[in-house]
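Chemist: Residue-level listing of the chains:
Number of protein chains: 2
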Amino acid sequence: MTEHSLWRFSRALHRAINERQFTEIEPLIDEDVDWTIHGPVDLFPFFGARRGKAAVLEVIRQIADKVRVHRFDRESIMLGVEAASSMLRCSLTMLDTNKPVRLRVAHFAQFREGRLSSLRILVDSYELIEHAIGFPLRGRMIPVSA
Amino acid sequence: MTEHSLWRFSRALHRAINERQFTEIEPLIDEDVDWTIHGPVDLFPFFGARRGKAAVLEVIRQIADKVRVHRFDRESIMLGVEAASSMLRCSLTMLDTNKPVRLRVAHFAQFREGRLSSLRILVDSYELIEHAIGFPLRGRMIPVSA
Chain A
56 MTEHSLWRFS
66 RALHRAINER
76 QFTEIEPLID
86 EDVDWTIHGP
96 VDLFPFFGAR
106 RGKAAVLEVI
116 RQIADKVRVH
126 RFDRESIMLG
136 VEAASSMLRC
146 SLTMLDTNKP
156 VRLRVAHFAQ
166 FREGRLSSLR
176 ILVDSYELIE
186 HAIGFPLRGR
196 MIPVSA
Chain B
56 MTEHSLWRFS
66 RALHRAINER
76 QFTEIEPLID
86 EDVDWTIHGP
96 VDLFPFFGAR
106 RGKAAVLEVI
116 RQIADKVRVH
126 RFDRESIMLG
136 VEAASSMLRC
146 SLTMLDTNKP
156 VRLRVAHFAQ
166 FREGRLSSLR
176 ILVDSYELIE
186 HAIGFPLRGR
196 MIPVSA
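Line by line, the protein sequences are chains A and B. Straight run, no breaks: the first sequence in the numbering used here ends on number 201. Straight run, no breaks: the second sequence in the numbering used here ends on number 201.
What the hints contain is simulated information worked out from the structure, not anything from laboratory work. This one's a predicted model, so the numbers in the text were calculated from it and none came from an experiment. One or more of the hints may lead you astray.
Interface residues of chain B toward chain A, partial, derived using beta-carbon atoms under 8 Å [unchecked claim]:
id, residue
1, His93
2, Pro95
3, Glu130
4, Ser131
5, Met133
6, Val136
7, Pro155
8, Leu158
9, Phe163
10, Asp179
11, Tyr181
12, Ile184
The C-beta atom is built at its ideal place from N, Cα and C for all residues, glycine as well.
Excised from the complex, chain A in its bound form (with noise of 0.2 Å):
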């Protein structure tokens, strides 16, 4: 039985931002991928819709430019035969301000041949617009009465 195609993917994109090697990556990406990371890209120049390998590689620089991985833990997961998609918790930092970020992530992938021709991710931006704002948004709301 050969290795999922997750866990192949997982592992070069975990070394291309940490480590900014690409050679891993570039050949597990569908020349037609399509790539969307929901959340807000006024904020984060990196979230958005990508279509294309070359686009894909150019994010994945870009998000390497700006975050380091230290941990992730999968939470939940469901994988197909050419499918996966999974909940993870992510121990950041952002490397601008060398301020560690946690998030939580969902993704749904799909890939063909062993690439990757689809990816959805959606981001819990709580953490990421406390970063960008500069200060914790806890204590500025007015929660909504219960």
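Assemble chain B onto chain A, guided by the hints.
Modeler: Below, chain B without anything else, positioned relative to chain A:
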């Protein structure tokens, strides 16, 4: 072939929230269900973890008090034997202010004998935070440089 548990649960949840009709959903929840909506708990009391059917029915009632669901589009989905994950784009109205909110949600569900035994939901809280603080975050944030 019987219908996947997800469809039955999803319909019942929709009716529970919009029509406050809980008789359909009650038998579809496992006594020992493990339920979490990840998001800013101090802002929305119906976020967070719940354990057991009574606590989950109570939180569904709280959601029904606050929210009306207009439509949802399922953007990604994976179905397993007793598991399902999907990503949805939802259009809601917050009943306290009568304001529309659009948000994206990812969920991972597990079923035991057709009953929901585990649910993990990730909400992109961006629009919800804007709703809670009462003004758009966009213009007020310093973007992270490209």
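Chemist: Hint by hint, say whether it matches the structure.
Modeler: Each hint tested on the structure:
1. Hint on His93(B) holds. Least Cβ distance to chain A is approximately 5 Å, under the 8 Å limit.
2. At about 6 Å, the closest approach between the beta carbon of Pro95(B) and any beta carbon in chain A falls short of 8 Å, and the interface hint on this residue holds.
3. Restraint check, Glu130(B) versus chain A: the minimum CB separation of about 7 Å is within 8 Å; hint holds.
4. Because the closest C-beta pair between Ser131(B) and chain A is about 4 Å apart, less than 8 Å, the hint holds.
5. Taking 8 Å as the C-beta contact cut-off toward chain A, the hint placing Met133(B) at the interface holds, the least distance being around 5 Å.
6. A cut of 8 Å between beta carbons decides the hint on Val136(B): the least distance to chain A is about 11 Å, and the hint is violated.
7. For Pro155(B), the suggested interface contact is broken, since its CB lies about 15 Å from the closest CB of chain A, more than 8 Å.
8. Checking Leu158(B) against chain A: minimum C-beta separation of about 10 Å lies over 8 Å; hint violated.
9. Against a cut-off of 8 Å between C-beta atoms, the interface hint on Phe163(B) holds, since the closest Cβ of chain A lies about 4 Å away.
10. Given the 8 Å rule on beta carbons, the hint for Asp179(B) holds: about 6 Å separates it from the nearest Cβ of chain A.
11. At its closest, the beta carbon of Tyr181(B) sits 5 Å from a beta carbon of chain A; the interface hint therefore holds under the 8 Å criterion.
12. A least Cβ separation of about 6 Å between Ile184(B) and chain A falls short of the 8 Å threshold, and the interface hint therefore holds.
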